[in-house]
Amino acid sequence: MGLKEQEARAEEQQFTTVSTVSPNWVTTRLDFLVNWARKNSLWPMPFGTACCAIEYMATAASRFDIARFGMERQSFSPRQADVLICAGRLPFKLAPVIRRIWDQMPQPKWSISMGACASSGGIFDNYAMVQGIDTIIPVDVYVPGCPPRPEGLMYGIRLLQKKIEGESITDDDLREEHLVSPSGLFLPAARVDELSEPFGNSVHQTRNA
Amino acid sequence: MSQLSSSVAALRTAFGDAVERALVSCGDSIVYVRPERVHDVLQWLKTEPGQTFDYLTDITAVEYRDPELLLEVVWQLRSLERKADLRVKAALDKQAPLEVRSVYDLWRGADWLEREVFDMFGVVFTGHPDLRRILMWETYAEGYPLRKDFPLRGHFSRAEQTRQALAASPETHYSLTELSIASAYHELPKDMRERLRRGERGFLK
Numbered sequence: 001m002g003l004k005e006q007e008a009r010a011e012e013q014q015f016t017t018v019s020t021v022s023p024n025w026v027t028t029r030l031d032f033l034v035n036w037a038r039k040n041s042l043w044p045m046p047f048g049t050a051c052c053a054i055e056y057m058a059t060a061a062s063r064f065d066i067a068r069f070g071m072e073r074q075s076f077s078p079r080q081a082d083v084l085i086c087a088g089r090l091p092f093k094l095a096p097v098i099r100r101i102w103d104q105m106p107q108p109k110w111s112i113s114m115g116a117c118a119s120s121g122g123i124f125d126n127y128a129m130v131q132g133i134d135t136i137i138p139v140d141v142y143v144p145g146c147p148p149r150p151e152g153l154m155y156g157i158r159l160l161q162k163k164i165e166g167e168s169i170t171d172d173d174l175r176e177e178h179l180v181s182p183s184g185l186f187l188p189a190a191r192v193d194e195l196s197e198p199f200g201n202s203v204h205q206t207r208n209a
Numbered sequence: 001m002s003q004l005s006s007s008v009a010a011l012r013t014a015f016g017d018a019v020e021r022a023l024v025s026c027g028d029s030i031v032y033v034r035p036e037r038v039h040d041v042l043q044w045l046k047t048e049p050g051q052t053f054d055y056l057t058d059i060t061a062v063e064y065r066d067p068e069l070l071l072e073v074v075w076q077l078r079s080l081e082r083k084a085d086l087r088v089k090a091a092l093d094k095q096a097p098l099e100v101r102s103v104y105d106l107w108r109g110a111d112w113l114e115r116e117v118f119d120m121f122g123v124v125f126t127g128h129p130d131l132r133r134i135l136m137w138e139t140y141a142e143g144y145p146l147r148k149d150f151p152l153r154g155h156f157s158r159a160e161q162t163r164q165a166l167a168a169s170p171e172t173h174y175s176l177t178e179l180s181i182a183s184a185y186h187e188l189p190k191d192m193r194e195r196l197r198r199g200e201r202g203f204l205k
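Protein chains in written order, with the numbering used here: chain R, 1 to 209; chain X, 1 to 205.
It is worth saying that the hints were derived from the structure and are not from the lab.
Be aware that a few hints might be false.
[Unchecked claim] Taking lysine to any residue pairs in the SDA-like style, the calculated list, with each CA pair at most 25 angstroms apart, reads:
#1 Lys83(X) / Thr60(X)
#2 Lys46(X) / Glu99(X)
#3 Lys93(R) / Gly16(X)
#4 Lys94(X) / Lys83(X)
#5 Lys93(R) / Lys46(X)
#6 Lys93(R) / Asp111(X)
#7 Lys93(R) / Ile30(X)
#8 Lys163(R) / Lys93(R)
#9 Lys46(X) / Trp112(X)
#10 Lys109(R) / His155(X)
#11 Lys93(R) / Tyr140(X)
#12 Lys46(X) / Glu81(X)
#13 Lys93(R) / Gly127(X)
#14 Lys93(R) / Gly143(X)
#15 Lys83(X) / Ile30(X)
#16 Lys148(X) / Asp173(R)
#17 Lys148(X) / Lys163(R)
#18 Lys162(R) / Asp173(R)
#19 Lys93(R) / Leu166(X)
#20 Lys94(X) / Gly127(X)
#21 Lys46(X) / Tyr64(X)
#22 Lys93(R) / Glu81(X)
#23 Lys109(R) / Glu138(X)
#24 Lys93(R) / Asp66(X)
#25 Lys93(R) / Lys94(X)
#26 Lys93(R) / Pro151(X)
#27 Lys148(X) / Glu99(X)
#28 Lys162(R) / Glu194(R)
#29 Lys93(R) / Glu160(X)
#30 Lys93(R) / Arg147(X)
[Said to hold, decoys possible] Some chain X residues close to chain R (C-beta under 8 angstroms, calculated; not the full set):
#31 Arg108
#32 Trp112
#33 Thr139
#34 Ala141
#35 Leu152
#36 Gly154
#37 Ser157
Glycine is no exception: its CB is placed at the ideal position from the N, C-alpha and C atoms.
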């Protein structure tokens, strides 16, 4: 090994070793870092309307404790919230309210539809009830159950965290605001009708029944 | 328990043929009254010594599946003093306009009860000071949900229902009267009065 080779190796090492001088630094993918920060500090905006809200409270309280997943602070103001959790049935009278709360939340934002009623109208296939909040706002995770146990909601939250892991900050489509269109609907009318179709035991009923 | 209330006999002496059939159901006395005399009967039941039905528990209505049967408006009365109950019913012809006199002047609590019956059944209480919908929003145009000719999912398509719901302004659901501050309006701070007058709930600069 010649002297020149040794010098070259020392020079090479200078560029590849991690600095031991404080402060230290690391390299990573920016997406990974941002998503890691976002998914572990989700502040929930609880929109509790019915019995699912009771399960939500249990999930937030000490026994199950969603603070373990970074949901340390319940954000009762939409301006400081990251994830809207609709826990319970949504009557048409509350539709403009949840829509406004969703519009008030700053990006990045996600939503969880908790329970059968929020996801599909549930047993309330009647004149007063929204047949799934996905006809009003975009939904990221649906949690089934009537009401879901805290474990169910926590699984939904973990799924949302997994979803956030796969996002990219350069993907503008993810952060696009889906506003109510001039037609007065968030989805096309035919899509709303299709989503609101009866299902399960209620298929025997017609619109005129 | 299955005895007919003594108030029924007293009613018959006081009002004669304005009082129709009476029966006992599950221990409760029910008396049918001609609709045009209901207000007089209820006033008498409230004020007559020995009756003193001073508490109006509920007002509701019943429509039967059989189209021949009449629509019944129900007043559930309670005497707090005598610990006695009485159910008064008036049967209305569905072909004619559904009208009955309001008892708001007797019990202030009838205000919202009558609004609910109007909202759900379309019964008009004449003399009510503020007969508006109370559960459904005021621009609701599909009809009266608890009537038998009302389809379970409403008359409009889901898309139309959603469109109308999203077009509603959440603020307009609540009027000054409903917020129970109408009487205290002049004692409120000036800026709050101004905001309420404009129908706002926050500052816009």
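Hints, one by one, checked against the model:
no. : hint                  : verdict
1   : Lys83(X) / Thr60(X)   : holds, 21 angstroms
2   : Lys46(X) / Glu99(X)   : holds, 22 angstroms
3   : Lys93(R) / Gly16(X)   : violated, 47 angstroms
4   : Lys94(X) / Lys83(X)   : violated, 35 angstroms
5   : Lys93(R) / Lys46(X)   : violated, 37 angstroms
6   : Lys93(R) / Asp111(X)  : holds, 22 angstroms
7   : Lys93(R) / Ile30(X)   : violated, 36 angstroms
8   : Lys163(R) / Lys93(R)  : violated, 31 angstroms
9   : Lys46(X) / Trp112(X)  : holds, 19 angstroms
10  : Lys109(R) / His155(X) : violated, 35 angstroms
11  : Lys93(R) / Tyr140(X)  : holds, 10 angstroms
12  : Lys46(X) / Glu81(X)   : holds, 12 angstroms
13  : Lys93(R) / Gly127(X)  : violated, 28 angstroms
14  : Lys93(R) / Gly143(X)  : holds, 16 angstroms
15  : Lys83(X) / Ile30(X)   : holds, 16 angstroms
16  : Lys148(X) / Asp173(R) : violated, 48 angstroms
17  : Lys148(X) / Lys163(R) : violated, 47 angstroms
18  : Lys162(R) / Asp173(R) : holds, 18 angstroms
19  : Lys93(R) / Leu166(X)  : holds, 9 angstroms
20  : Lys94(X) / Gly127(X)  : holds, 20 angstroms
21  : Lys46(X) / Tyr64(X)   : violated, 29 angstroms
22  : Lys93(R) / Glu81(X)   : violated, 40 angstroms
23  : Lys109(R) / Glu138(X) : violated, 33 angstroms
24  : Lys93(R) / Asp66(X)   : violated, 32 angstroms
25  : Lys93(R) / Lys94(X)   : violated, 29 angstroms
26  : Lys93(R) / Pro151(X)  : holds, 19 angstroms
27  : Lys148(X) / Glu99(X)  : holds, 18 angstroms
28  : Lys162(R) / Glu194(R) : violated, 29 angstroms
29  : Lys93(R) / Glu160(X)  : holds, 14 angstroms
30  : Lys93(R) / Arg147(X)  : holds, 20 angstroms
31  : Arg108                : violated, 26 angstroms
32  : Trp112                : violated, 16 angstroms
33  : Thr139                : violated, 11 angstroms
34  : Ala141                : violated, 12 angstroms
35  : Leu152                : holds, 5 angstroms
36  : Gly154                : holds, 4 angstroms
37  : Ser157                : holds, 6 angstroms
Going down the numbered hints, you'll see the structure goes against 3, 4, 5, 7, 8, 10, 13, 16, 17, 21, 22, 23, 24, 25, 28, 31, 32, 33, 34, while the others check out.
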